[in-house]
Structure formats: structure tokens, C-alpha cells
Amino acid sequence: EAEVAQSPRYKITEKSQAVAFWCDPISGHATLYWYRQILGQGPELLVQFQDESVVDDSQLPKDRFSAERLKGVDSTLKIQPAELGDSAMYLCASSTTQSTEAFFGQGTRLTVV
Amino acid sequence: GIQVEQSPPDLILQEGANSTLRCNFSDSVNNLQWFHQNPWGQLINLFYIPSGTKQNGRLSATTVATERYSLLYISSSQTTDSGVYFCAVGQTSYDKVIFGPGTSLSVIP
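Going down the list, the protein sequences come from chains Z and D. Residue numbering for the first sequence is 27 to 139, as defined by the working numbering. Residue numbering for the second sequence is 1180 to 1288, as defined by the working numbering.
The shape of chain Z in the complex, shown without the other chains (with noise of 0.2 Å):
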């Protein structure tokens, strides 16, 4: 069965250090969403891709985040210089361009310390 694949699976890392996290969503699927998820709370969209164009990154915090999706296809997440509060679920979810129904991976669980 097809999935979406993210890792790393968990990562720790040191304040004001960068961290990246990789995506590959379900073959053919042409949007793929970021999301991040503070424990206790639900997931809260950071930015969306429609193949390779950002459709909505109103809630991503631009001045230490950035997203790309070059080809399309698979895509990064990073944070520079990661703070204390980043430290969450990363969720990264696919869809066709047909059907809203959002499909996720496994996440990558950050702990900045």
C-alpha cells in the first residue's frame, strides 16, 4: 500500500542549530501539506504545495523557516536557527488534486534542547 514517507523519524537538536526534515508523498499526488503539532493540540497547517508552487504559507514563521518542492515531487522542511519552542510533531500529509482526502506519514518528532 502506498505511503508517505518522512524522516527522520525523531530528531534532537541544539538551539540556534539547523535541522531539516524530508518528505516523499504518495506517487502522483500532487498536493503535499507541512503541518506541525504541538502535544496536546491538533495539527496546524505550516504550508502547502500544489506540485511544486506554495499555495499557503500564511501560518509558516518565515524568518527561521523555509520550504521547498523543487521538482514537484519530494520536500524539505528546515528551521535556522531552530529554537526551544519548535520542538513538536512535523507532519508532512498528501493528496490528489481530485479528492481533498489527505493521506500522512509517520512524522518527524523534533526536541530542541
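One or more hints might be untrue.
Just so you have them, the derived chain D footprint on chain Z, three or more residues with Cβ under 8 Å [as the list claims (entries may be wrong)]:
{"id": "1", "stretch": "71-85"}
{"id": "2", "stretch": "125-135"}
Some chain D residues judged to face chain Z by a derived CB distance under 8 Å, without partners named [as the list claims (entries may be wrong)]:
{"id": "3", "residue": "Asn1210"}
{"id": "4", "residue": "Gln1221"}
{"id": "5", "residue": "Leu1222"}
{"id": "6", "residue": "Tyr1227"}
{"id": "7", "residue": "Phe1265"}
{"id": "8", "residue": "Lys1275"}
{"id": "9", "residue": "Gly1279"}
{"id": "10", "residue": "Pro1280"}
{"id": "11", "residue": "Gly1281"}
Which chain Z residues face chain D? A few, computed with CB under 10 Å, are given here [to be verified]:
{"id": "12", "residue": "Tyr61"}
{"id": "13", "residue": "Met115"}
{"id": "14", "residue": "Leu117"}
Derived by calculation from the structure, the hints in this document are not laboratory data. The structure presented is a predicted model; accordingly, all values stated were derived computationally and were not measured. All residues carry an ideal CB built from backbone N, CA and C; glycine is no exception.
Add chain D to chain Z, keeping to what the hints say.
For chain D alone, coordinates are given in the frame of chain Z:
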């Protein structure tokens, strides 16, 4: 923007009991999903149900779009049903998916 509410926020059940989780949303939607988040944090798709009723084993869901709510029914609950259940909605085909705050379910033996 659209608001999503879920109730109850927390629920403790004895194994074998039935439960109903509710999701209310403040505007019309064309996408509604129910997810189960397991203890490892992965979101598992339960239902894609912008309207109507669907069933999958012990779980079923109903969305009444005109009244802006959806219900998730869990029958004969098992300990493996424990976790957080999220409702998520989207308003257009290209719209972001917005999550509710979740219902935390604990099923005890």
C-alpha cells in the same frame, strides 16, 4: 476562518462499551475526515465523509452537512481504540485541511 469543535475533549470507557464523538464546524465544507492518532503519533485515516454515512467494522460515521456536524460511532470498544480522534475539514478543493482539537479516548480493560 472556519472553526472546528470536538466533544467531549476526554472520554474514558470500559472495554466493550459504545461511544459517540461529535465534530461541529462553523461553515460549509466539501471535505471532512476522521483520523485516529496512535500512541506513536501517526494519523490513521478512518473516514473521508463530507456527507452521508459510512461504516467500517466497529466504526461508523455520519455527516449532516446542512447542520454542520459529524458523528463518529465506536461500538464494542477495545483497548487498541485508545488514542486521540481528530476531525478535519476543508472548504474547497484547494483549501487547507483544518483540524479540530481532538477527543482523547482511553479504553480500560
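Here's how the hints hold up against the structure:
1. Counting residues of the stretch 71-85 of chain Z whose beta carbon lies closer than 8 Å to any beta carbon of chain D gives 5, which reaches the threshold of three, so the coverage claim holds.
2. With 10 residues bearing a CB less than 8 Å from a CB of chain D, the stretch 125-135 of chain Z meets the requirement of three and the coverage assertion stands.
3. With a cut of 8 Å, the hint placing Asn1210 of chain D at the interface with chain Z holds, because the nearest CB-to-CB distance is about 4 Å.
4. For Gln1221 of chain D, the suggested interface contact is upheld, since its CB lies about 5 Å from the closest CB of chain Z, less than 8 Å.
5. A hinted interface residue such as Leu1222 of chain D counts as satisfied when its beta carbon comes closer than 8 Å to some beta carbon of chain Z; here the least separation is about 4 Å, so the hint holds.
6. Interface restraint check: Tyr1227 of chain D against chain Z, minimum CB-CB distance 4 Å, threshold 8 Å, status holds.
7. Of the supplied interface hints, the one on Phe1265 of chain D holds, with its beta-carbon coming within about 6 Å of a beta-carbon of chain Z, less than 8 Å.
8. Taking 8 Å as the C-beta cut-off, the interface hint given for Lys1275 of chain D holds, the closest approach to chain Z being about 5 Å.
9. Taken as an interface hint, Gly1279 of chain D checks out: its beta carbon lies about 6 Å from the nearest beta carbon of chain Z, inside 8 Å.
10. Using the Cβ-Cβ criterion of 8 Å, the hint placing Pro1280 of chain D at the interface with chain Z is satisfied: the shortest such distance is roughly 5 Å.
11. A distance limit of 8 Å between C-beta atoms decides the matter here; for Gly1281 of chain D the minimum to chain Z is near 5 Å, and the interface restraint holds.
12. The beta carbon of Tyr61 of chain Z is positioned within 10 Å of a beta carbon in chain D (closest approach about 8 Å), and the interface hint is therefore held.
13. The beta carbon of Met115 of chain Z is positioned within 10 Å of a beta carbon in chain D (closest approach about 5 Å), and the interface hint is therefore held.
14. The beta carbon of Leu117 of chain Z is positioned within 10 Å of a beta carbon in chain D (closest approach about 7 Å), and the interface hint is therefore held.
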